[in-house]
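Using the sequences and the hints, build the whole thing.
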Amino acid sequence: MTDPVVVCTWSAVRDQPWEETEAALTLGRTVSGACGAELHWLVVGPSLDEGPEIAGRHGVARVDRIDDPKLEDGRPDAFVEALAQYCASHPCRLLLFNQNFATRLVAPRVAGRLGVGVVMNGTDIEVDGDRLDVTAAAYGGDTRVVYGLEGPGPCVVALLANAVAPEPTEDAGTAPAATELEVDLSGVEERIRVLEAAHTEGPRLEDAEIIVSGGRGLGSPENFKLIEELADVLGGMAGASRPLVDEGWIDSSRQVGLTGKITRPALYLAAGISGATQHMVGCSAAKTIVAINTDPDAAIFRHARYGIVGDCTELLPELIRAASEAGDS
Amino acid sequence: MRIVVCIKEVLDPDAVNAYALAGRLEIGDDDKTLTQTTIPRLMNGFDEQAIEAALRMRDAGTDATICVVSVGSDLTVPLRHAMALGADEVVAIEPPSSTGDYHTVAALLAAYIRSHGGADLVLCGRQASDDDQGVVPALIGESLGMPVVAIARDVEAAGSAEAPAVRVTRVTPDGDEIVEATCPAVVTISNELGEPRYPTMPMKMAARRVKPTDVSATDLSLDPQALEPRVVMTRQFVPTVKGDCEFISGDEPADVADRLVRRLLEDNIVRGRSPR
Ligand SMILES: Cc1cc2nc3c(=O)[nH]c(=O)nc-3n(C[C@H](O)[C@H](O)[C@H](O)COP(=O)(O)OP(=O)(O)OC[C@H]3O[C@@H](n4cnc5c(N)ncnc54)[C@H](O)[C@@H]3O)c2cc1C
Ligand SMILES: Nc1ncnc2c1ncn2[C@@H]1O[C@H](COP(=O)(O)O)[C@@H](O)[C@H]1O
Numbered sequence: 001m002t003d004p005v006v007v008c009t010w011s012a013v014r015d016q017p018w019e020e021t022e023a024a025l026t027l028g029r030t031v032s033g034a035c036g037a038e039l040h041w042l043v044v045g046p047s048l049d050e051g052p053e054i055a056g057r058h059g060v061a062r063v064d065r066i067d068d069p070k071l072e073d074g075r076p077d078a079f080v081e082a083l084a085q086y087c088a089s090h091p092c093r094l095l096l097f098n099q100n101f102a103t104r105l106v107a108p109r110v111a112g113r114l115g116v117g118v119v120m121n122g123t124d125i126e127v128d129g130d131r132l133d134v135t136a137a138a139y140g141g142d143t144r145v146v147y148g149l150e151g152p153g154p155c156v157v158a159l160l161a162n163a164v165a166p167e168p169t170e171d172a173g174t175a176p177a178a179t180e181l182e183v184d185l186s187g188v189e190e191r192i193r194v195l196e197a198a199h200t201e202g203p204r205l206e207d208a209e210i211i212v213s214g215g216r217g218l219g220s221p222e223n224f225k226l227i228e229e230l231a232d233v234l235g236g237m238a239g240a241s242r243p244l245v246d247e248g249w250i251d252s253s254r255q256v257g258l259t260g261k262i263t264r265p266a267l268y269l270a271a272g273i274s275g276a277t278q279h280m281v282g283c284s285a286a287k288t289i290v291a292i293n294t295d296p297d298a299a300i301f302r303h304a305r306y307g308i309v310g311d312c313t314e315l316l317p318e319l320i321r322a323a324s325e326a327g328d329s
Numbered sequence: 001m002r003i004v005v006c007i008k009e010v011l012d013p014d015a016v017n018a019y020a021l022a023g024r025l026e027i028g029d030d031d032k033t034l035t036q037t038t039i040p041r042l043m044n045g046f047d048e049q050a051i052e053a054a055l056r057m058r059d060a061g062t063d064a065t066i067c068v069v070s071v072g073s074d075l076t077v078p079l080r081h082a083m084a085l086g087a088d089e090v091v092a093i094e095p096p097s098s099t100g101d102y103h104t105v106a107a108l109l110a111a112y113i114r115s116h117g118g119a120d121l122v123l124c125g126r127q128a129s130d131d132d133q134g135v136v137p138a139l140i141g142e143s144l145g146m147p148v149v150a151i152a153r154d155v156e157a158a159g160s161a162e163a164p165a166v167r168v169t170r171v172t173p174d175g176d177e178i179v180e181a182t183c184p185a186v187v188t189i190s191n192e193l194g195e196p197r198y199p200t201m202p203m204k205m206a207a208r209r210v211k212p213t214d215v216s217a218t219d220l221s222l223d224p225q226a227l228e229p230r231v232v233m234t235r236q237f238v239p240t241v242k243g244d245c246e247f248i249s250g251d252e253p254a255d256v257a258d259r260l261v262r263r264l265l266e267d268n269i270v271r272g273r274s275p276r
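These protein sequences, in sequence, are chains G and E. If you count the first sequence from 1, position 219 lands on 219 in this note's numbering, and the numbers rise without skipping. If you count the second sequence from 1, position 258 lands on 258 in this note's numbering, and the numbers rise without skipping.
There is no bait here: all hints are sound.
Non-contacting residues of chain E with respect to chain G, defined by C-beta distances greater than 10 Å in every case (computed):
no.	residue
1	M1
2	R2
3	D30
4	T38
5	E52
6	T62
7	G72
8	E89
9	S97
10	S98
11	G118
12	R197
13	M205
14	A206
15	D214
Restricting the straight-line Cα-Cα distance to at most 30 Å, the calculated cross-link-like pairs of lysine-lysine (DSSO-like) are:
no.	chain 1	residue 1	chain 2	residue 2
16	E	K242	G	K287
17	E	K32	E	K242
18	G	K287	G	K225
19	G	K287	G	K261
20	E	K242	G	K261
21	G	K70	G	K261
Simulated from the structure, these hints should not be mistaken for lab results. Even for Gly, the Cβ is constructed at its ideal location relative to N, Cα and C.
What follows is the structure in C-alpha cells.
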C-alpha cells in the first residue's frame, strides 16, 4: 500500500479558516484516491472542536494530533522539529499544507530538514504513476507551472488559498478518534526572540465581508478618503493595490494581493485598479467583484461581475451618496 | 559583519504583466518557456531591496562587508548593478546543469557560504517574481543551520561585535512584529522596506570594469546527490480567465451610481438598512 497522504493544519495559526482546511482535505482526498493511499489529518497544537465532524465529512482514515507547550505560541522552530519527527516515524507520500503566512516559511523548512522536494502556491495535484504533478501559480498568477515530483515520497506542497473548492464526500463516515502522538521537543530552543509582538488594530481585511479598494487610478492620496468613506457607508473596509502602499498613501496592512492580504469578501469594489494578476490573487475569491476603470480594456473587467467605464474620482462621491440613500430608506 | 546577499535574475515582471494583461502571453513549443524574447531580464525586485537593506545597515554605522552572490549564467549585468550600488564583492555561481531546481540553487548558495568566508547575515528576497516560490532562503537556512526570519521591512544590527545579532521588523498579517536573532541568520526582505537607491554615475562607471568572481559547482566540492533536482518543471501554461462582466452605464455619474447600488441591493450584496 502506498504511504498515506497527510494534510497538516496548525491550530495556532489564526488565519486558517475552516474553508481552507476543507479545501486541503478535498485535494488530499483526490490525491489519496488516485494513488490508492489513505488520507490522514495531522493536527498540530490544541485540538479542535469542529475537527471530528470535518474529518468524517472528508473520509479521513486517521487523525493524528501532536501537542506540546512549545507549539502553543506559534513559533516556527518547534513546529519544524515536530513535523520532521512525525515524518520520520510516519512515512507519507505527500505532506499537504494550506499556504498562509506561517506555512510559507515552515513548509520549505520542513522539506529542507527532510531533504525532500517542495512546491508552494499549489493549485492542483495529479497522480501519474509514481510521480506527483503539482500545478502552481507563477509570475503572480500570469502563468501556471507544472512540477513533477518523483515518488515514493514524501514531498511537501502548500495549497494556495481559494484554489480548490471544498467538497465533502457523499457518504460522510464516522470520524476516527484522534491519536495523540508524542514528540520530543526538549532540544528545541527558539532562535528568534520576539521583542514586540504584532497586534492587530481593529478588524482585519481577511475577515471583511465588503471591501472597497483603490488603485493608482485614484490619482492622489487625498482621493483615498473617497475609498474609506464608501467602505464606511457600506459597512466594509478599505483596501489598496501595492503602488499605494509603496508610495506611502496607506499602511501596508491594507495591501491586497500576492504579497499582501488574501481576501474573500462578498463584495470587492475596485476603483482605479488595473487588475494585474498579483493583485487579483488577493481578491479573486470575492463572490462579486465590481470594477471602475477609465480603460474599457482594463484586465480587471475580465474578473468583474459588474463594470463601470468611467472616472472613479467622479463616481465614488456619487456612490457614497447613492449608498447612503439606500441605507436611509 | 559579513553580509551575503543572494540575488536572482528574472524576467521583468511588469513586462510579463503587460503581455498578460493584453492577453498576449504565450508559451513556446517546448511547453515551458515564454515566447516573448524581448522581455528584459533584471534583478528580482525584492533582491534589490535586500541589497538596499545591507547598504542601510552599513550607512547606519555597522562595519559590514557586502558580498552579492547569484546562481545562474550570464550574470554580468545584474552583478555589475550590485557592484555599482556598493557591494564589496560580486560572485557568479555557474550551475552544473540547466535542470537544477530550488534545492540545487540553495545547495550551491549554502556550499558557497560555508566554504568562502561564511556569513553573519544572509539576506534574500522574500520570493523571486518569476516562480514566486519563496523557498530558497528557507532551504539555505536549513542547510546551514541558521534561523530564518521571513518577510522583513527593516533590519538593524544588534548585539555586539563579538556576538552579533540582528533586530528585524517583520510584516505579519497582524501588523509589525519586532524580533531579534543571534547571528548567523537568514533574513528575507519584503517590498515594505521601501525604494532601493539608484547607483551614482561614478559608481556605475567604476562597476563597468568589475568582473564577477566565477565559482563553479566543482569548486564547491559538493556531493553530487545534493545537486540532484527534486522538483522538475514539466510544463508551463497561461491560464484562461472567463469573463462575464455586465457593464453599467448612464448619462451622468449619478445615474450610473444609482443603477449600480440598485443592482447590488437586488442581488442582496449590500443591505438596504444602514449597517451602523
Ligand atoms: C513580485 C510582485 C508582487 C506584487 N504584489 C502585489 C500585491 O500584493 N498587490 C498588488 O496590488 N500589486 C502587487 N504587485 C504589483 C502589480 O503587478 C501591479 O503593478 C499593481 O497591482 C498595479 O496597481 P494599480 O492597478 O493600482 O495601478 P496601475 O496598474 O497603474 O493601474 C491603474 C488603473 O487605473 C485606471 N485609471 C486611471 N485613472 C483612472 C480614473 N480617474 N478612474 C478610474 N480608473 C482610472 C487605469 O486605466 C489603470 O487600469 C506585485 C508585483 C510584483 C512584481
Ligand atoms: N539563482 C539564485 N541565485 C541567488 N539567489 C537566489 C536564486 N534563486 C533564488 N534566490 C534567492 O532566494 C529568494 C527566493 O527565491 P525563490 O525561492 O526562487 O522564490 C530570492 O529572492 C533570492 O534572494
